[in-house]
Amino acid sequence: MDKKIIAELSKIVGDGYISTKQSELLAYSVSASMASNAVLPGAVVRPADSKQVSQILQVAAKYNIPVTPRSGGSSLQEEVIPEVDGLVVELLRLNDIKFHKELRSVTVGAGVTYGVLEKFLKEHNVFLPVYPESALVCTVAGNVAVNGAGPGSSLFGCTGELVLDVEAVLPDGRIITTGSEANPYASGPYQRYSFGPDITGLFIGSLGSFGIITKVSMKVFKRHKYYDHNTFGFETHEQAEQFMVDVKQNDINGVFTSLYEGPVLELFMDMIGEELGVPKYEWPFRTVSMTIGRVREDLLKSDAELAKKLCVKHGGHVIGISQLPYQEWNGRLWFFVRACYVHGWHWRTLYHHQTPTNAHRSVEEIRRVMDKYGFLGHTAGFASGHSSFNAYPHLYFDPQDLEDEQKIRDAHKELAKTLFKTGAVPFKMAPYWADAIEGMDNYMTFLELIKKTIDPKKLMNPRVLGGL
Amino acid sequence: MTEVDLDELMENLAQCRRCGICRNAVYEDKGFDGVCPVWKNSAGFETSFMRGRIQVALALLEGRLEKTEENAESLFSCTLCGNCTSICAAEFDPAKCLESVREILNKIPNEVRDTIAKKILENNNPYVDENKTRRDWVKEVGFDIPSTGEVLYFTGCTAGLKLPETAKATAKVLKAAGVDFTVLEEEPCCGSVMIRTGMVEEAKKNAENALKMIATSGAKTIVVTCAGCLKTLREDYKERFGLDIPEVLHVVEYLKPLIESGKLKLKKSADSKKITWHDPCHLGRALGVYEEPRDVLKAIPGVELVEMETNREAAMCCGSGGGLRSYDGDLAKKIAADRMNDAEEIEADIIATACPFCEHNLKDGADRIGSKIRVVDILDLLAENLK
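Sequence lines, in order, name chains A and B.
According to the working numbering, the first sequence holds residues 787 to 1254 in order.
According to the working numbering, the second sequence holds residues 4 to 390 in order.
The following block holds chain B by itself, in its conformation from the complex (with noise of 0.2 Å):
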C-alpha cells in the first residue's frame, strides 16, 4: 500500500500560500461561479473552505492545535469536490492532500466516520446487516442475470440498495445492447467513503476481499454506474493498494461506442425535454470523463441538452462527497439545493447525472426548495428510451 509520506504532505500543504482563491472566486473565462460550496452554503468563517482548512491541517499535524474532535471538525465539512484543486494557481492538489490529512489524523475520535468503516467491514455495506438483500433487484428485471461472465455489472451500495431502480435500468439497458453480463451474488463495498474519510489500512482489507469476491465473477471488464466505485476500483485499487483488477468503466463510457456503432438503439424521448447533465466530482473533475455522458445524452433523439452556469471543470458539487452527507446532513442538502437551483436557472426539464450519491442528494435539495425538475440516473433516462 502506498503510505502517505509526511515530509512530502507537509511540503504540498507549504504550497499553500493562503491566496483564498479556493473561497469563492468568480471567473468567467475559466467557467467559476463561485468555488467552494461548503463556503457557499454554511456560517462562511475561514475554515469552511480550504484555506482555513489547511490552517487547522498544519496546526493539527504541527501539533500547535489539540487533536480534538471539535479541532478537526473543518477537515471532515467538505465535500473533496476538488473545485479547489481546479481553481489553485499552486502546484499542488488541495482536496487531494485533504484526503491524506484524514488518514494521517485518522485516530482524532469522530464516531460519523468509524460507525461507517465498521458497517462496511462488518456487513459489506455501509447501509443494512443483510447484505444479500443487494441482488433483490435482479428478480425484478424479467430475465436472468449470471454471477458469472466477462463483464460484470458492479452495481455499487446506493443503487443495490437505496436506489434499485437505477441497477435495474442498468440491467435493461445492458441486455438491449445485446452485452452479456453478471451480477456477483454477494457483492462487496469498494470502499470509497472509507478511503475518503481517512480509513484507509481498513479500506485496503476491504479492497482485497472484494477483489477477491470480484474474481470469482471470471470479469474481464468492470462496469459501474456509481461515479464513485469507479474512481475508487479504477484509481485506488491500483495506485494506492497496488492491485490487479480489471479494466473498469463508467456506464457511460462503456455505452458511448454501443449508441455510436448502433448496437444499442433509442427511441425519440415522448416529449421534447431540456436536460442537464450534473458532472459527479469522481467522474469529471477526478477521472476527467465529461464528454462521453453528454454525448450518450445528445444520442436520445429529441433530448436537448443544456448546460448548466458551472460545468465541467468547474461545476459545482452536489454536496454529498467526502463523508458530508454522513457528517453534515442538513448542510449536504442544502449544497444539494443550491446546485438545484443552477438547473432552475436555465429552466432545464430534468437534471441528469451517473452518481447514485449525487441522483439521492439532488432529490433531497429538490424537495428542499420545491423544485418540479425531475432528478434522474442517465441510465434511467435510456432505459426509458429503448428502441
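Only chain A is shown next, with the shape it has when bound in the complex (with noise of 0.2 Å):
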C-alpha cells in the first residue's frame, strides 16, 4: 500500500495499531474459514473505537481502497477474505459494554466476545440468549454482521431478531445509529421499529458490505433457572420432524432442540462422549436432543412432560438420556467447537435453513454429493426460530491432499446449488452461494440498488453479497 496512504492512517490510529509486515498480512490473508484461498491484503489497522473506523473509512473512499472488516476471524464463510492490496479493519479495540438494566438490554462495542459478554451479563442474572458455536472466540457484532444462529435460537430464533439497534460507519465515514438510538435524546436502546423502515435490519446479516458495524445492543433475558433435559428418539425422518414442530405448535420452550442421524451421533460419540460423559448408546435413526429451559419450575414440569406424551404420539420412544443435551446447552460455549474440531479433518460449511419438515432434504442432498464424490462428512441442524430448522453440513476433506480439497470446492458449489433448489435459504449473502441463487433477479437488483447507493464505490467488502 502507498507509503502516503499508511503514514494517514497511522496518525488516525497510532504507529503502533497499523501493521504491513508481511507476515501480518499472511495472517490476515485467512480467517477460520476452510478450503479458502488466501488473499494477502495491503495494511491492517486496529482502531481503538468509533471515530477512529469513521476516519480510516474516509482515508478508504479518498484512495479507493477496498476495506474488509473483521472482529474475530471466526468465521467460516469467507465473510473476512480480504481484497487484493486492500485494508482490513480489525475491531478488536472496540470493547466497550453497557447493560441497560431497565431496557433489558446491553451494547456492546464490535470487539466484545460472546464469552466476555456471558461472564459480565451473569453478574446480573441475564443472558444474551443465542450463543453462536464459536462463542468463546465470535464476537457479538460480527455474529449481528453474518446474522447468526446457534444455541438458543431455538427458542429466541436467530441473533438477528434480538438486536435492538446498531451503531454504523456509513463508508464515506458518517456514523449512523439505528433503532430508538437515533433519537439523540433517547435514554437508549429500547424499540428496533423506529422511525420508519427497519434501518437496523439492513446491517443484519450484511456482512459488511453497507458500512462497518461499531456497536450493536442487543437484548437479554433473565437467565432461565429450571431446566430439562432429554432425548427422544424416532424410526422415520417424519416422525422426528412432526414432534419438532409440535414441541413449537405447543410452545413448548424448546432452547435448544438439535436432530441428529443415529450413524452421526455415532461417529461424535464414540469421539467426545465418553469426556462429555454420555453413556454408550445403540442411537436410532434419529435422536431429538431437547433442553427445556424455564424461569418457573412448574412450566418446565408441564412443558417436560409434554414433550415426552408427543414424542409417544409421534412414534418415538423417550430415550431418556440428558447427558447430550445437558452438554449441548450447559457446555454451550465449548460442545460444538470441541466437536467440530477434536477429528482431524478440515471441513466446509454450508450453513443454511429449512422448514422443520424438510430437514431430513438436507440430509439426503449431502448424502447424495458425498456418494458422487466421494468425501466423509455430515450434517445436523437444529431448531432456528418461529418454524425453521437450521442446517450445517460439513465435508469433510484433508488439507495436505489437493486433489481431496478440490473435490470438496466442487462439491460445495454443487450442494448449494441443489439445497437452494429445496427451498432452502442461507443466513447471508456469503461468497459461497453466489452461484446458488436463481429466479432472484428482482431482490438482487433491488439489493444492488441500495449497494449502489450506500456504497457508491463499492469498496466495503465487495466479495460478499454475491459481488454486487
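Where hints are given, some of them may not hold.
To be verified - Listing some non-contacts, in silico: residues in chain B with all C-beta distances to chain A over 12 Å:
#: 1; residue: Glu31
#: 2; residue: Leu68
#: 3; residue: Ala75
#: 4; residue: Ile90
#: 5; residue: Ile107
#: 6; residue: Val115
#: 7; residue: Asn126
#: 8; residue: Tyr130
#: 9; residue: Val144
#: 10; residue: Lys276
Unchecked claim - As a list, the in silico SDA-like pairs of lysine to any residue whose alpha-carbon atoms are at most 20 Å apart:
#: 11; chain 1: B; residue 1: Lys33; chain 2: A; residue 2: Arg1124
#: 12; chain 1: A; residue 1: Lys837; chain 2: A; residue 2: Ile792
#: 13; chain 1: A; residue 1: Lys1193; chain 2: B; residue 2: Arg20
Keep in mind the hints are simulated off the structure, nothing from the lab.
Beta carbons are placed, not taken as given, at the ideal position from N, Cα and C, and that holds for glycine.
With the hints as a guide, bring both chains together as one complex.
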C-alpha cells in the first residue's frame, strides 16, 4: 500500500496499530474458513473507537481502497477474506460493554466476544440467549453481521432477532445509530422498529457490505433457573420432524432442540462421548436432543411431560439420556467447538435454514454429494426460530491433499445449488452462495440498488452479497 | 536424540483450523479469563497469538514466506506458556509445535537466541563469565554443603547467580528437614532456554556435559527450585535426548511428604497472611504439579491461601518463558504487571511461586504498577517459618 496512505492511517490509529509486515498480512489473508484461497491485504489497522473507524473509512474512500471489516476472524464462509492490497479493519479493540438494566438490553462494542459478555451478564442474572458455536472467539457484532444462529435459537430465533439497534460507520465515514437511539434524546436502546423502515435490519447479515458495525445493542433475558434435558428416538424422519413441529405448536420452551442422524451421533459420541459423560447407546435412526428452559419450575415440569407425550404420539420413544442435551446447552461455549475440531479433518460448511419438515432434504442432499464425489461428511441441525430449522453440513477433506480439497470445493458448489432448490435459505449472502441462487432477479436488482446508493464505489467487503 | 519429524510436524500444524479460541477466550467453566498473554499485552495483531503464529510457521516451512528475522519475529514473541494448548479444541499441542518450528527454523538469524546459546556453551550459564561464583551463596548459609551425596540440590543459573536468597533458603529448609544434600562444585546450566529457543543440538551437547557433571555427585535424587530446570531435566533429558538421569523432583514435591510426616516443622507465620499461588507454566501446565505447592503453603500455620481468577491449567503466564524476557523484555514485564494485577484484584499480601524466572519477572511487573504485594519464592517463605 502506498506510503502516503499508510502515513495517513498511522496518524489516525497510531504507529503501533497499523501493520504492513508481510507476516502479519499473511495472517490476515485467511480466517477460520477452510478450503479458501488466501488473499494478501495491503495493510491492517486496529482502531480504538468508532471515530477512528470513521476516519479510516474516509481515507479508504479518498484513495479507493477496498475495506474488509473483521473482528474475531472465526467466520466459516469466507466473510472476512480481504481484497488484494485492500485494507483490513480489525475491530477487537472496540470492547466497551454497557448494561441497560431497565431496558433489558446491553450495548457492546464490535470487539466484545460472547464469552466476555456471558461472564459480564451472569453477574446481572441475565443472558443474551443465542450463542454461535464459536462463542468463545466470535464477537456479538460479528455474529450480527453474519446473521448467525446457534444454541438458544430454538426458542429465541436467530441472532438478528435479538438486535435492538446498531451503530454503524457508513462507507463515507458518517456514523449512524439506528432504532430508538437514532433519537439523540432517547434514554437507550429500547425499540428497534422506530422511524419507519427497519434500518437496523439492513445491517444484519450484511457482512460489512453497507458499512462497519461498531456497536450493537441486544435484548437480554432473565436467565432460566429450571432446565429439563432429554433425548427422544424416532425410526423415521417424518416422526422426528413432526415431533419438532409439535414442540413449537405447543409452545414447549425448547431453548435448544437438535436433530441428529443415528450414525452421525454414534461417530461423534465415539470421539467425545466419554469426555462429555454421555453413556454408550445404540442411537436410533433419528434422535432429537432437547433442553427445555423455564424461569418457573411448574412450567418446566408441564413442558417436560408434554414433550414425552408428544414423542410417543408421533411414534417415538423417550431415550432418557440427559447428558447429551445437558452438554449441548450447559457446555454451549465449548461443546460445538470441541465437536468441530476434535477430529483431524478440515471441512467446509454451508449453513442454511429449512423448514423442520424439510430437514431430511438437507440430509439427503449432502448424502447425495458425498456419494457422488466420494468424501466423508455429515449434517445435523436444530430448530432455529418460529418455524425454521438450521442445518450445518460439514464436508470433510485432507488439507494436505489438493485433489481432495478441490473435490470438496466442487461438491460444495453443487450442494449450494441443490440445497437452494429444496427451498433452503442461507443466513447471508456469503461468497459460497453467489452461484447458487436463481429466480431472484428482482430481489438482487433491488439489493444492488441499495448497495450502489450506500457504497457507490463498491469498497465495502466487495466479495460478499454475490459481488454486487 | 529424537529429531523433529517434519511430516509429523506439518500434520500437527494442519490440525489448527484457525478457530482462534487461543486468543482471548473467556470461559468461566474451564477457568479461562483470556488465553494468550502476549496478545493481551501487545498491540494485539493476529501474529501475537498462536493462530497467527501457526500461519506464519506454515508459510516459512512451506517457503511461502521468506526466511528473514523480521518474518520469523512472531515465532519468538511467545512465552510457550501452553495456555493455548490447554484450551485448544483440536488434538494437538500448539506450544510444543512452535518449539519444534523454532528448532527446524533455527538457521533464521536471531541474535538474542544465538547469544544466549553461545554464553551457555562457553560459560555454563547465560549470565556471567565466571561460573564458579554460582556456589558463592554456600559460604553464607552457615554450614558446609558437600559436593557429593545421594540428594543433589541443583540450584539453577537464576537462583545461583541472580537470586541467591532462594538457594540459601532452600539449603536451610532441606537441612531443617534432616536431608543430607549436596551442591555441585561447578554446576552447569540445564540448557532449558536453548531447547525452548530452538538450539536443540547445542542443548544436547550441553545436556551430555551437564549429566557428566551431575554424575560426579553420585546423586540418586535431584531436587530443583526452578520449574524450567525441572521440565528440562525430568522430561527433555529423558524423552528428547534419551539420557539416563536420576529421579528429578521439584523441591515442593520433595518437601510435601516431609512436612506431612512431621520431619519438617513449620511455625506460625508472624502475622496472618493472604497468600496467592502463581503456577509456573513449566511446573503446572507442563508437568501437572498443581496441588503440591498449594499443600505446602497451606501447611504453614496462619496462612490463608487465596486463588487468582486464573489458576492451574488456565493460569496466565508471568511473561518470562520461552525466551521472551530476553527477546522482548518490555513485553515480558508488561505481562508480569498484568499478572500482578490479578493478584491485586484479590487483595493478596504475598504472591508465591516456585520458579526464579517467574519471581524475577513478577518483581519487575510489581515495580511497573507500583504494587506493594510481596513477590516471593515458596522456599523463602518456608525458611522464614522454620521451627
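Status of the hints after comparison with the structure:
1. Glu31: violated (6 Å)
2. Leu68: Label violated. Min Cβ-Cβ 6 Å, cutoff 12 Å.
3. Ala75: violated (8 Å)
4. Ile90: violated (8 Å)
5. Ile107: Fine: 17 Å to the nearest Cβ keeps Ile107(B) off the interface.
6. Val115: holds (18 Å)
7. Asn126: Answer for Asn126(B): holds, closest chain A Cβ roughly 34 Å.
8. Tyr130: Correct as stated: the minimum Cβ-Cβ distance to chain A is 31 Å, above 12 Å.
9. Val144: Val144(B) clear of chain A: closest Cβ-Cβ about 48 Å, beyond 12 Å.
10. Lys276: holds (29 Å)
11. Lys33(B) with Arg1124(A): The given pair, whose Cα atoms are some 13 Å apart, holds under the 20 Å limit.
12. Lys837(A) with Ile792(A): holds (18 Å)
13. Lys1193(A) with Arg20(B): Answer holds: Lys1193(A) to Arg20(B) is near 19 Å, not above 20 Å.
Taken one by one, the earlier hints fail for this structure at numbers 1, 2, 3 and 4, listed in ascending order.
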